[in-house]
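Here the protein sequences come in this chain order: B and F. This note's numbering applies: residue 1 is where the first sequence begins, and numbers increase by one. This note's numbering applies: residue 1 is where the second sequence begins, and numbers increase by one.
What the hints contain is simulated information worked out from the structure, not anything from laboratory work. Everything numeric in this text was worked out from a predicted model, so none of it was measured. Ideal placement from N, C-alpha and C gives every residue a C-beta, glycine not left out. All clues stand as given, with none of them false.
Simulated crosslink set (DSS-like; lysine-lysine; CA at most 25 angstroms straight-line): (1) B:51 with B:123; (2) F:153 with F:123; (3) F:51 with B:51; (4) F:153 with F:5; (5) B:5 with F:5; (6) F:51 with F:123.
Short, incomplete list of chain F residues facing chain B, as computed with Cβ under 7 angstroms: (7) 36; (8) 38; (9) 48; (10) 49; (11) 66; (12) 69.
Number of protein chains: 2
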Amino acid sequence: MANAKGFTLWFTGLSGAGKSTLADEISRRLHERGIGHEVLDGDVVRTNLSKGLGFSREDRDTNIRRIGFVAELLTRSEIPVITAAISPYRAVREEVRSRIGTHRFIEVYVAAGLDELVRRDVKGLYAKALRGEIANFTGVSDPYEAPESPQIKIDTEVQNVVESADRVWDYLVNHGFITVEEPATV
Amino acid sequence: MANAKGFTLWFTGLSGAGKSTLADEISRRLHERGIGHEVLDGDVVRTNLSKGLGFSREDRDTNIRRIGFVAELLTRSEIPVITAAISPYRAVREEVRSRIGTHRFIEVYVAAGLDELVRRDVKGLYAKALRGEIANFTGVSDPYEAPESPQIKIDTEVQNVVESADRVWDYLVNHGFITVEEPATV
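Given only the sequences and the hints, what does the whole structure look like? Please build it.
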């Protein structure tokens, strides 16, 4: 048996740092325990709420505010929400935090150095960005403002997915967002 | 005691027909019974999800799709949703219906004749539209495609707010969307 109260698990970090992978792993664990929730992935949101927006600061902020609005609706209805958008600007993250409520907003900084991201470059985007073929690419040609005091910081250069997900999961359990009753044998 | 399962109560109709009034009355009744829910009012959504969109058919459809996306998320998490946007075009309403699921989408046509709306004209918008001062005004200079087989039709020229809300409420109860256990004396 498991239960959850409403919260927003807000992953932020550079492209390729591991936000979606981690979001998917947490989603899998919630699902496994029968805990209903929603994942607001950057791409899904851009398709459904933000088609037409570009990557200027203003457009990125608008996109983040929309994710924040939907996360707020779900969170206050006690539905856990996981977001996984780069969300590079600190000010709008703080704006979303205060709308959702500080006690329900869990900022998770998914960090990895640029060298490592360029080395991984799963989608080949960094190579293109470094060649100047993609404008406004966060971390290369656009700023990323790292969280100053995130609730959780994950360094995906040294922690693998299971270790990272364990950190996040422990936070949720220890802070009472999730109540899990494990079988007596565990 | 009262309970609800997820549904979307989708009010559609011309400006001034009474969508918001009726939405507010249903919201009040749900609140009174402790049933959590969300109201996605046209104006709230335009501010939070659709700033920058205009009133062309394409922009209106985009706005409605966004409302539909959010309604879908909430509905599948078992949160009742009430929407109150004009939503003039049939095709996109049907698109939203099929995304949310026919069995959870309740279309409520809030009808009133143009003569009556021009007579009421609470916000003075019809007068302006008729003078040509507002472009793309639904019912005057823009089409409104009435539902062909709405789950509920309310004629606000002959039914007052309480009667109208009773109709909607009875539908919700009779179709098992809301379970109300009245005190034994009733």
